[in-house]
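S.K.: Chains as they are written, first to last, in the numbering used here: chain A, 3 to 342; chain B, 33 to 145.
Rather than coming from a laboratory, the hints here were simulated on the basis of the structure. Any given hint could be a false lead.
[As the list claims (entries may be wrong)] Counterexamples of contact, computed for chain A against chain B with all Cβ distances above 12 Å:
#1 LYS34
#2 ASP51
#3 ASN152
#4 ASN171
#5 LYS191
#6 PHE201
#7 PRO255
[What the hints assert, rightly or not] Distance ranges between label pairs, derived from CB positions:
#8 TYR208(A) - MET62(B): 54 to 62 Å
#9 LEU326(A) - LYS110(B): 47 to 55 Å
#10 GLU214(A) - GLN50(B): 41 to 49 Å
#11 ARG192(A) - PHE51(B): 34 to 42 Å
#12 SER330(A) - SER86(B): 48 to 56 Å
These figures come from a predicted structure and were not determined experimentally. In this text, a Cβ means the ideal position worked out from N, Cα and C, and glycines have one as well.
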Amino acid sequence: MKHIVIIGGGIAGIEAACALTDAGHWVTVIEKNEKLGGKLNNWSYLFPDFTPTEKITGALQEKITEKDFSILNNTEVSTIQRKNGKFNIETSGEQQLEADALVVATGYEIFDARRKEEYGYKIYDHVITSADLEQLLLPGGDLTVAAGKNPKRIAFVHCVGSRDEKTGNHYCSKVCCITGVKQAIELKKRLPEAEIYCFYMDLRMYGKHFEELYREAQEKYNIQFIRGRLSEASEKIDKSLLIKSEDTLSGRPLKMNVDLLVLLVGMEAGKGTANAAATCGIGCEESGFLQTTDSFLKSNFSEQEGIFLAGSCTAPMTINDTILHARSAAIEVDCWLSRK
Amino acid sequence: MKNFGYTIIKQRTIDYDQFDGRLLNEVLEMEPSFKVCLSCGGCTATCSAGDLVSFNVRRMNLLLRRGETVELESEIKKCMLCGKCMLVCPRGINLRNVIMLIKKSISKYKLSG
Chain A
3 MKHIVIIGGG
13 IAGIEAACAL
23 TDAGHWVTVI
33 EKNEKLGGKL
43 NNWSYLFPDF
53 TPTEKITGAL
63 QEKITEKDFS
73 ILNNTEVSTI
83 QRKNGKFNIE
93 TSGEQQLEAD
103 ALVVATGYEI
113 FDARRKEEYG
123 YKIYDHVITS
133 ADLEQLLLPG
143 GDLTVAAGKN
153 PKRIAFVHCV
163 GSRDEKTGNH
173 YCSKVCCITG
183 VKQAIELKKR
193 LPEAEIYCFY
203 MDLRMYGKHF
213 EELYREAQEK
223 YNIQFIRGRL
233 SEASEKIDKS
243 LLIKSEDTLS
253 GRPLKMNVDL
263 LVLLVGMEAG
273 KGTANAAATC
283 GIGCEESGFL
293 QTTDSFLKSN
303 FSEQEGIFLA
313 GSCTAPMTIN
323 DTILHARSAA
333 IEVDCWLSRK
Chain B
33 MKNFGYTIIK
43 QRTIDYDQFD
53 GRLLNEVLEM
63 EPSFKVCLSC
73 GGCTATCSAG
83 DLVSFNVRRM
93 NLLLRRGETV
103 ELESEIKKCM
113 LCGKCMLVCP
123 RGINLRNVIM
133 LIKKSISKYK
143 LSG
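All chains should be modelled from the sequences, with the hints used to inform the complete structure.
M.R.: See the structure below:
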């Protein structure tokens with residue numbers, strides 16, 4: 003029986019582990035946190051159809067129980083050495099593992115919005131990120147702003163930490179446009195009196211049912227879309243926020259007072275992926291995400307033979323794409339092992 | 033002769049066949065960062081001059097790319113070169129240099145606008 007070690011127990015890691023267990027291999031997942039599931043655990047409802055996250059995490063949990071692969075939680079990889087065609091792995095818990103193949107599934111980190119100081123995250127009271135808002139969207143979540151009132155006007159800022167030279171992130175994070183549309187609709191459902199505006203540069207509605215949700219946001223929920231990037235936000239004495247942008251379609255500067263500002267934060271490769279790259283001796287792209295051998299035909303291959311890549315450690319990805327990428331990684335590992 | 037009030041109206045269509053790209057090419061060559069503008073308007077939002085007068089710094093790119101050198105020459109005088117636009121620009125464009133390059137070279141080409 004071949005042994006495969008998967009670094010990272012998010013969606014990609016779990017999905018790859020299940021598929022490889024099905025193929026008859028012995029699999030160990032190394033997860034740095036207590037719980038498997040990664041960032042998905044912090045999300046409440048999923049685009050584009052508002053699926054409650056528990057539905058997905060529940061299904062993953064069922065699979066984990068059924069497949070019975072090994073899990074090392076609260077554990078990180080310390081060193082990896084290659085010996086006689088095997089990988090010798092030492093963990094932070096001082097366990098020694100010997101593997102025939104490795105799958106890196108270390109995922110992404112959420113952009114730290116404090117780095118866009120001009121938007122005032124953690125400086126002003128009512129500037130939050132899309133990740134913060136997700137928690138508030140759960141039943142009982144407190145959406146009130148100053149003096150315990152419901153916000154009357156809310157603005158979303160697209161591309162925070164994405165497509166931005168100033169943060170060093172040139173790439174598009176892919177999921178924020180549709181997240182903004184989804185969250186704008188959810189807020190409108192909770193606060194029917196509120197006016198909601200989205201400030202965008204381009205709206206990238208590429209996925210299945212994305213464009214339809216955008217249309218629904220306009221048609222049914224009266225969400226307003228303004229084409230312009232925010233230059234700055236400033237807090238007023240009543241804790242409301244004055245935001246500045248250009249309304250590029252009318253060609254004039256625009257200012258607006260809002261009660262709540264939501265920053266649609268992007269994805270970054272993060273520390274976990276950088277550490278995995280260093281310990282595995284594999285390369286990163288300029289974006290910080292892991293280098294694949296060929297973006298068309300070998301998107302699961304690293305430059306090191308026997309080390310495979312799965313999910314958003316290679317690029318920003320939706321949950322659907324992550325699941326598919328992880329399954330394809332499992333197929334590649336299985337084929338590679340049978341050829342060996 | 034009786035004046036019936038008829039006149040020849042200048043066509044509103046952008047006629048790309050008449051486009052004179054000499055000034056644009058010169059500016060892009062001297063300041064390549066200007067190639068990557070994505071027209072987000074962050075510069076205009078923060079512009080000190082645009083708050084008070086009808087000056088739109090984002091439109092300088094458009095005027096240049098459409099060969100509207102006559103309008104460009106009068107517009108560009110409104111810029112105070114404060115550089116706030118450069119702090120905001122998500123593509124890291126050196127806008128102050130772009131403005132200076134246009135100022136320097138526009139007299140060579142303005143007749144074509």
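S.K.: Determine for every hint whether it applies to the structure shown.
M.R.: Against the structure, the hints come out as follows:
1. With a least beta-carbon separation of about 32 Å from chain B, LYS34(A) lies farther than 12 Å from that chain, consistent with its non-interface assignment.
2. Here ASP51(A) stays apart from chain B, with its beta-carbon at least about 30 Å from theirs, past the 12 Å limit.
3. Its beta-carbon lying about 28 Å from the closest one in chain B, ASN152(A) satisfies the requirement of being farther than 12 Å from that chain.
4. Against chain B, the non-interface label of ASN171(A) is violated: not every CB pair exceeds 12 Å, the least being about 10 Å.
5. Every CB of chain B is more than 12 Å from the CB of LYS191(A) (nearest about 30 Å), matching its label as outside the interface.
6. Not every C-beta of chain B lies more than 12 Å from that of PHE201(A), the closest at about 10 Å, which undercuts listing it as non-interface.
7. At roughly 5 Å from the closest C-beta of chain B, the C-beta of PRO255(A) falls inside 12 Å, breaking its exclusion from the interface.
8. For the hinted restraint 54 to 62 Å between TYR208(A) and MET62(B), the CB-CB distance of approximately 36 Å leaves it violated.
9. The hinted range of 47 to 55 Å is satisfied by LEU326(A) and LYS110(B), whose Cβ atoms lie roughly 52 Å apart.
10. Distance hint check for GLU214(A) and GLN50(B): the Cβ-Cβ separation is about 42 Å, which falls inside the suggested range of 41 to 49 Å.
11. Taking the beta carbon of each, ARG192(A) and PHE51(B) are about 51 Å apart, not inside 34 to 42 Å as hinted.
12. Taken as a hint, the range 48 to 56 Å holds for the pair SER330(A) and SER86(B), whose Cβ atoms sit roughly 55 Å apart.
The structure fails to meet hints 4, 6, 7, 8, 11 from the earlier list, while all remaining hints are met.
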